[in-house]
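Colleague: Here is how the chains run, residue by residue.
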Amino acid sequence: QKEVEQDPGPLSVPEGAIVSLNCTYSNSAFQYFMWYRQYSRKGPELLMYTYSSGNKEDGRFTAQVDKSSKYISLFIRDSQPSDSATYLCAMSEIGGGFKTIFGAGTRLFVKA
Amino acid sequence: NAGVMQNPRHLVRRRGQEARLRCSPMKGHSHVYWYRQLPEEGLKFMVYLQKENIIDESGMPKERFSAEFPKEGPSILRIQQVVRGDSAAYFCASSPPGRPETQYFGPGTRLLVL
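Keeping their order, the protein sequence lines are chains B and W. First residue of the first sequence: 40, per my numbering; consecutive thereafter. First residue of the second sequence: 28, per my numbering; consecutive thereafter.
One or more hints might be untrue.
[To be verified] Here are the simulated BS3-like pairs of lysine-lysine, each with C-alpha atoms no more than 27 angstroms apart in a straight line:
1. Lys89/W - Lys71/W
2. Lys98/W - Lys41/B
3. Lys71/W - Lys109/B
4. Lys95/B - Lys89/W
5. Lys109/B - Lys150/B
6. Lys138/B - Lys150/B
7. Lys54/W - Lys98/W
8. Lys41/B - Lys71/W
9. Lys98/W - Lys106/B
10. Lys41/B - Lys150/B
11. Lys98/W - Lys71/W
12. Lys138/B - Lys71/W
13. Lys78/W - Lys41/B
14. Lys98/W - Lys78/W
15. Lys95/B - Lys41/B
16. Lys54/W - Lys78/W
17. Lys78/W - Lys150/B
18. Lys106/B - Lys54/W
19. Lys54/W - Lys71/W
20. Lys109/B - Lys95/B
21. Lys78/W - Lys89/W
22. Lys106/B - Lys89/W
23. Lys95/B - Lys98/W
Hints are computed from structural coordinates only; laboratory data are not their basis.
When you get a sec, could you build the whole thing from the sequences and use the hints?
Modeller: Structure (structure tokens):
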């Protein structure tokens, strides 16, 4: 079993839709949870990060962490064609070298 | 404020040659991470370094791969005697000390082994 599981998609939605992206994990020691966006042949771009459980909102993006279920989500409101990219979840422990584990990424297509 | 810089952006090597990938972190960042990304796969952690010190190299292959981050100059990921399976995109990220949640990535180096 992988430490971080993420549905690779692709996920195709119409412009304006609410998008829900999710990851599950098995390591209860993870404390930092991040979401990255990666356009084709580019480096990942940090979107949001949260520490431990809870929600965090930034513009059209909302990140949620449910540590009891080992489940994290990223919601994108009013999706735009420019949101079409691969979204990667990532997680780190405190200490232990801060090794960061990434999900495989979900490819999102937003149709105009 | 320049972002993370990596060079070269593309590198072609023949089997058996050496590949050297360079990474200059963001200004004010003293910690560097290297990742490898194979086509259609996520990022795989390789190594985490601070200047003159390897913090965690648990993701590095045991042979042919090495990394350093000297007191002066960029971080270097070195692959000796490359094989076709080493063909991948190699990304470097940097963060402030102890802040793995704020890693900023460079554009990557795409290595092709012929």
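Colleague: Each hint: holds or not?
Modeller: Cross-check of the supplied hints:
1. Our distance criterion of 27 angstroms between C-alpha atoms is met by Lys89/W and Lys71/W, whose separation comes to about 15 angstroms.
2. Restraint check for Lys98/W and Lys41/B: the C-alpha separation of about 36 angstroms exceeds 27 angstroms, so the hint is violated.
3. Straight-line distance between C-alpha atoms of Lys71/W and Lys109/B comes to about 21 angstroms, which keeps the hinted pair within the 27 angstroms bound.
4. Between Lys95/B and Lys89/W the CA atoms are separated by roughly 39 angstroms; this puts the pair beyond 27 angstroms, and the hint is violated.
5. Our distance criterion of 27 angstroms between C-alpha atoms is broken by Lys109/B and Lys150/B, whose separation comes to about 31 angstroms.
6. Note on Lys138/B and Lys150/B: the hinted pairing is violated, with a Cα-Cα distance of about 36 angstroms set against a maximum of 27 angstroms.
7. Note on Lys54/W and Lys98/W: the hinted pairing holds, with a Cα-Cα distance of about 14 angstroms set against a maximum of 27 angstroms.
8. Of the pairs offered as hints, the one joining Lys41/B and Lys71/W holds, with about 12 angstroms between alpha carbons and a cut-off of 27 angstroms not exceeded.
9. For the hint pairing Lys98/W with Lys106/B, the CA-to-CA distance comes to about 39 angstroms; that exceeds 27 angstroms, so the pair is violated.
10. The suggested pairing of Lys41/B with Lys150/B is violated, with an alpha-carbon distance near 31 angstroms, which exceeds 27 angstroms.
11. Taken as a hint, the Lys98/W and Lys71/W pair is honoured in the structure, with Cα atoms around 26 angstroms apart against an allowance of 27 angstroms.
12. Note on Lys138/B and Lys71/W: the hinted pairing holds, with a Cα-Cα distance of about 10 angstroms set against a maximum of 27 angstroms.
13. Annotation: proposed proximity of Lys78/W to Lys41/B is violated, straight-line Cα distance about 31 angstroms (limit 27 angstroms).
14. Annotation: proposed proximity of Lys98/W to Lys78/W holds, straight-line Cα distance about 5 angstroms (limit 27 angstroms).
15. Distance check on the hinted pair: Lys95/B and Lys41/B sit about 26 angstroms apart at the alpha-carbon level, within 27 angstroms; holds.
16. For a cut-off of 27 angstroms, the pair hint linking Lys54/W to Lys78/W stands: about 13 angstroms separates their Cα positions.
17. About 45 angstroms separates the Cα atoms of Lys78/W and Lys150/B, which puts this hinted pair outside 27 angstroms; it is violated.
18. Only pairs whose Cα atoms come within 27 angstroms are accepted, and Lys106/B paired with Lys54/W is rejected, the gap being roughly 34 angstroms.
19. Proposed proximity of Lys54/W and Lys71/W is supported: the alpha carbons are some 25 angstroms apart, at most 27 angstroms.
20. For the proposed pair Lys109/B and Lys95/B, the alpha carbon gap of about 17 angstroms is at most 27 angstroms, so the pair holds.
21. For the hint pairing Lys78/W with Lys89/W, the CA-to-CA distance comes to about 22 angstroms; that is within 27 angstroms, so the pair holds.
22. For the proposed pair Lys106/B and Lys89/W, the alpha carbon gap of about 34 angstroms is over 27 angstroms, so the pair is violated.
23. This hinted pair does not check out: Lys95/B and Lys98/W have alpha carbons roughly 37 angstroms apart, beyond 27 angstroms.
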